[in-house]
Amino acid sequence: MIAFKNVNFSVPNREQPILNNVSFSVLPNDFIVLLGSNGSGKSTLIKLINRSYKGYIGEIDFLQQPLYFFNNRQFSQSVVTITQNIKDNLFADMTIAENAILYGLRYRSFWEQKDKKQILQELQEYLAKFSYKLSENLNTTVNLLSGGEQQILVLALCLRYPPQLLLLDEHTSALDPKTAEYMMEKTYHAIKERNITCMMTTHNLDFATRYGNRLIVLKDGKISRVFDSKEKALVTQQNLLEICY
Amino acid sequence: MNLILSTLQQSLLFLPLVIGVYISYRVLAVVDLTVDGTFVLGAAVFAKLVIVNNVDQYVSLVIAVIAGAVIGVLVALMQKGVRINSLLASILMVFMLYSINFKIMDKPNLGFLENKTILMNLQTNNEYLLLLLIVGMALLLLMIFVRLFGSKLGLLLRSYGSNVKLLKSLGKSPTLLLSLGLGFSNGLAAFCGALTAQINGYADLNMGLGMALTAIGAVVMGQHLIGKIIPNNKFNAVLDLSGCVVGGFIYFLAMNLFIHIGIDPVYLKLILGLILVFFLATANYSKRAVGYDSF
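Keeping their order, the protein sequence lines are chains A and B. If you read the first sequence in my numbering, its first letter stands for residue -16, the second for the next number, and so on. If you read the second sequence in my numbering, its first letter stands for residue 796, the second for the next number, and so on.
Please keep in mind that the hints were generated in silico from the structure rather than gathered at the bench. The model shown is predicted, which means the values in this text are computed figures rather than measured ones. Glycine residues also receive a C-beta, built at the ideal position from the N, C-alpha and C atoms. Treat each hint with caution, since some may be false.
[Stated by the list, open to error] Not the full set, but computed from the structure, chain B residues with beta-carbon under 8 Å of chain A: (1) Gly945; (2) Lys947; (3) Ser957; (4) Lys960; (5) Lys967; (6) Thr970; (7) Asn1028; (8) Phe1030; (9) Asn1031.
[Claimed, not checked] As a list, the in silico EDC-like pairs of lysine to aspartate or glutamate whose alpha-carbon atoms are at most 20 Å apart: (10) B:Lys843 x B:Glu922; (11) B:Lys1029 x A:Glu119; (12) B:Lys947 x A:Glu105; (13) A:Lys30 x A:Glu164; (14) A:Lys30 x A:Glu95; (15) A:Lys30 x A:Asp13; (16) B:Lys947 x A:Glu95; (17) A:Lys175 x A:Asp159; (18) B:Lys843 x B:Asp1059; (19) B:Lys1029 x A:Glu164; (20) B:Lys947 x A:Asp98; (21) A:Lys161 x A:Glu132; (22) A:Lys37 x A:Glu(-2); (23) A:Lys169 x A:Glu95; (24) A:Lys213 x A:Asp13; (25) B:Lys960 x A:Asp71; (26) B:Lys960 x A:Glu225; (27) A:Lys202 x A:Asp159; (28) B:Lys911 x B:Glu922; (29) A:Lys175 x A:Glu153; (30) B:Lys963 x A:Asp71; (31) A:Lys175 x A:Glu164; (32) A:Lys175 x A:Glu(-2); (33) A:Lys169 x A:Asp159.
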């Protein structure tokens, strides 16, 4: 699905490279968890994959093609990112229904005509699987929802037309523990149901060991340790804490 | 014609420009001052074609609007193509348009010596019919834009102002949408300029001075007042565009009243500027209070 081959990434005015000779592969249906302290390069790695950052050295392949082989529309249909900053993922001053229509344009043609009532009914049925409150308030402005509701909405909108790769950049970090737990469960079940490959960055080691099938630990821009599913099953959280931080 | 009716006429004649600035300032959330130049461009192109080249007035009007829209697209390309700051790009374009407008007219102003257009004829012969025509034009314009903002295209234009990064990540082209939005905006400004030239009887190189700020003032005042009367935290094209009408009317009413009570016209811009500062400050405050990010 994704292959990094000797990838280096630096920014001007910083001596140390942010990513230093990083190589790894992600297989279809993997749930990779990236771990590491702040500044270790996790988010940069995610931003290279979703093409937010350019100018890396080395090779990044997506679906056996160079990352920039795909045009914007193809890429936006295949790779979706949910970040910790909820407002980045929503049109905050628009309603839930308007957000859903705009997210739908990722896949639907601009010229496609569909009955408005039917669109809203389909949306209501779909959102009810994630949150009853969201499905009953399609005309509510997103700004008026709580942070947890907003992030559930983002997840629901991102997975309505399943991408091939879902990137989660600390997407539960701004939520309270109970909502974060609910969000993580919803995320996991939704991606398994739809066979989506996933890469997640987090500082929550419990989530990492529970949901990830492989763990990659980054330290100072380098991969310092990789845990496959067997090793992951054996490692204790205390050990993981010492390795990561 | 009494003060209220003449104010209504002035403000409705000004409405295309206010709607244009509403599109850039409120919908796209871009401060675009280009309308200062495209207002004159519309007047200059129209006057030149009608007076010098004897082109049909309707064809001239269409060409003037297209000229304004093209400039709007160019400003969008300056912002997105070569990444010039939006405010700076519009100031640069106004700067360049000064030469272009001068070249089009070949002199600082171009007067209509006879009643060559319908608006001029009506102004001389039947000013109530002229008012009726302007009211009709304003209603038509409002209907067109209410429909536009209710469409998928309107939603996409609004999404540009709401979260341009997300729009890009959804595979849509921000450049295309900004070009469309500023095209509409400056096309409307040129339309307004062409109409104003007919009512004034001439096109003048400096007639666009302060137009962008005046229109921003009308948009902000109108939305603020409509928001007080009908509180609404969702986008509503009818309310917003009604705000444009109300804002324009209040602006001209204030200006006419100041002149009527004998305030030295030299202070007009200062007083109206202070009123605008007040409305901008209170509008931002109320937006923050309901949790909206200020533009």
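Outcome of the hint check:
1. Because the smallest distance between the Cβ of Gly945 of chain B and any Cβ of chain A comes to about 10 Å, over 8 Å, the interface hint for this residue is violated.
2. For Lys947 of chain B, the suggested interface contact is upheld, since its CB lies about 6 Å from the closest CB of chain A, less than 8 Å.
3. Interface hint status for Ser957 of chain B: upheld, as the beta-carbon distance to the closest one in chain A is roughly 4 Å, under 8 Å.
4. Among the interface hints, the one on Lys960 of chain B holds; its C-beta lies about 7 Å from the nearest C-beta in chain A, closer than the 8 Å criterion.
5. Look at Lys967 of chain B: its Cβ gets to within about 7 Å of chain A, closer than 8 Å, so that hint holds up.
6. Checking Thr970 of chain B against chain A: minimum C-beta separation of about 11 Å lies over 8 Å; hint violated.
7. Below 8 Å, beta-carbon pairs count as interface contacts, and Asn1028 of chain B has one with chain A at about 6 Å; its hint therefore holds.
8. At a threshold of 8 Å, the smallest CB-CB gap from Phe1030 of chain B to chain A is about 7 Å, leaving the interface hint in force.
9. For Asn1031 of chain B, the shortest C-beta to C-beta distance to chain A is roughly 11 Å, which exceeds 8 Å, and the interface hint is violated.
10. Taken as a hint, the Lys843 of chain B and Glu922 of chain B pair is broken in the structure, with Cα atoms around 25 Å apart against an allowance of 20 Å.
11. Our distance criterion of 20 Å between C-alpha atoms is met by Lys1029 of chain B and Glu119 of chain A, whose separation comes to about 17 Å.
12. The hinted pair formed by Lys947 of chain B and Glu105 of chain A meets the criterion: a straight-line CA distance of about 18 Å does not exceed 20 Å.
13. Simply put, Lys30 of chain A and Glu164 of chain A have alpha-carbon atoms about 25 Å apart, too far for the 20 Å limit, and the pair is violated.
14. Of the pairs offered as hints, the one joining Lys30 of chain A and Glu95 of chain A is violated, with about 32 Å between alpha carbons and a cut-off of 20 Å exceeded.
15. Restraint check for Lys30 of chain A and Asp13 of chain A: satisfied, since their Cα atoms lie roughly 19 Å apart, inside the 20 Å limit.
16. Restraint check for Lys947 of chain B and Glu95 of chain A: satisfied, since their Cα atoms lie roughly 10 Å apart, inside the 20 Å limit.
17. Proximity of Lys175 of chain A to Asp159 of chain A is assessed by CA-CA distance (about 24 Å); at most 20 Å being required, the pair is judged violated.
18. With a C-alpha separation of about 34 Å, the suggested pairing of Lys843 of chain B with Asp1059 of chain B is violated against the 20 Å cut-off.
19. Under the criterion of a C-alpha separation no larger than 20 Å, the hint pairing Lys1029 of chain B with Glu164 of chain A is inconsistent with the structure, at around 31 Å.
20. As the CA atoms of Lys947 of chain B and Asp98 of chain A are separated by approximately 13 Å, the hinted pair is consistent with the 20 Å bound.
21. A C-alpha spacing of about 12 Å is found between Lys161 of chain A and Glu132 of chain A, which places the hinted pair at or below 20 Å, so the restraint holds.
22. Simply put, Lys37 of chain A and Glu(-2) of chain A have alpha-carbon atoms about 18 Å apart, close enough for the 20 Å limit, and the pair holds.
23. Between Lys169 of chain A and Glu95 of chain A the alpha-carbon distance is near 31 Å, which puts this suggested pair outside the 20 Å criterion.
24. Of the pairs offered as hints, the one joining Lys213 of chain A and Asp13 of chain A holds, with about 14 Å between alpha carbons and a cut-off of 20 Å not exceeded.
25. Restraint check for Lys960 of chain B and Asp71 of chain A: the C-alpha separation of about 8 Å stays at or below 20 Å, so the hint holds.
26. A distance of roughly 37 Å separates the Cα atoms of Lys960 of chain B and Glu225 of chain A; the hinted pair therefore is violated under the 20 Å criterion.
27. The suggested pairing of Lys202 of chain A with Asp159 of chain A is violated, with an alpha-carbon distance near 27 Å, which exceeds 20 Å.
28. Only pairs whose Cα atoms come within 20 Å are accepted, and Lys911 of chain B paired with Glu922 of chain B is accepted, the gap being roughly 16 Å.
29. Of the pairs offered as hints, the one joining Lys175 of chain A and Glu153 of chain A holds, with about 19 Å between alpha carbons and a cut-off of 20 Å not exceeded.
30. The hinted pair formed by Lys963 of chain B and Asp71 of chain A meets the criterion: a straight-line CA distance of about 12 Å does not exceed 20 Å.
31. Proximity of Lys175 of chain A to Glu164 of chain A is assessed by CA-CA distance (about 17 Å); at most 20 Å being required, the pair is judged to hold.
32. Annotation: proposed proximity of Lys175 of chain A to Glu(-2) of chain A is violated, straight-line Cα distance about 41 Å (limit 20 Å).
33. Restraint check for Lys169 of chain A and Asp159 of chain A: satisfied, since their Cα atoms lie roughly 15 Å apart, inside the 20 Å limit.
Figure legend: structure checked against the earlier numbered hints; hints not met, in rising order: 1, 6, 9, 10, 13, 14, 17, 18, 19, 23, 26, 27 and 32.
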